[in-house]
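Undergrad: For this one, chain A is given, so just place chain B on it according to the hints.
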Amino acid sequence: GQSLEQPSEVTAVEGAIVQINCTYQTSGFYGLSWYQQHDGGAPTFLSYNALDGLEETGRFSSFLSRSDSYGYLLLQELQMKDSASYFCAVRGDQAGTALIFGKGTTLSVSS
Amino acid sequence: DAGVIQSPRHEVTEMGQEVTLRCKPISGHNSLFWYRQTMMRGLELLIYFNNNVPIDDSGMPEDRFSAKMPNASFSTLKIQPSEPRDSAVYFCASRGALMKYTEAFFGQGTRLTVV
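Just so you know, the protein sequences line up as chains A and B, in that order. Each number in this note's numbering comes from the position in the first sequence (counting from 1) with 55 added on. Each number in this note's numbering comes from the position in the second sequence (counting from 1) with 24 added on.
Bound-form chain A, shown alone (with noise of 0.2 Å):
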């Protein structure tokens, strides 16, 4: 099977950088990707990494590390409308398999 961890709760300040952590166990990989969520809203694709190291995206960067099976999520310049659920996902164990996502992380920005 698989499944991730990600801290449950972070908060932070306007301007500030955070960093959202993601460990994950899934015997095949393909791929791990962050999706935001906002309160009564549906998850939205933020990013996607697939081999070792950082990718950016604006303020936003995901980095990861096959061997220690572990992401992270970086915001930087932290703006209130960041204030939101950050979930990591794997694919399942074989190519064709399901999303599979963590518990989700809400960052809470304030000013």
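In case anyone wonders, no lab produced these hints; they're calculated from the structure. Hints may contain errors.
To be verified - Not everything, but these chain A residues come out facing chain B in the computed CB check (under 8 Å):
1. Y85
2. A97
3. Y103
4. F142
5. A144
6. V145
7. I155
8. F156
Remember, it's a predicted structure, so these values are computed and weren't measured experimentally. For each residue, glycine too, the CB sits at the ideal point set by N, CA and C.
TA: Same frame as chain A, now just chain B:
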């Protein structure tokens, strides 16, 4: 494209009633997922279709839940009979064959309340 469309957006029903949730995936997408989200359990995969065929239904809680995908543009999730513990937000998501392995588009969800 209008994105993944789910209906209804909200459903309130009495225990024991049948509930049918509907999903129209993005045109051209060949994978469809149904998820259930609760505070306690997070986003749980219920069932996954690929090319209209159910591939993995191990997440379906029990026989009261059933899902169908009669064609590439429509899927239903049915609960019969419904119970209060089924109260949750149900999301449908779709993915195209050329998309990244872990990328999917989600509908806005159906908030189900069983009283």
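Undergrad: Let me make sure I understand: some of the numbered hints might not hold for this structure. Which ones are they, in numerical order?
TA: No numbers; nothing is violated.
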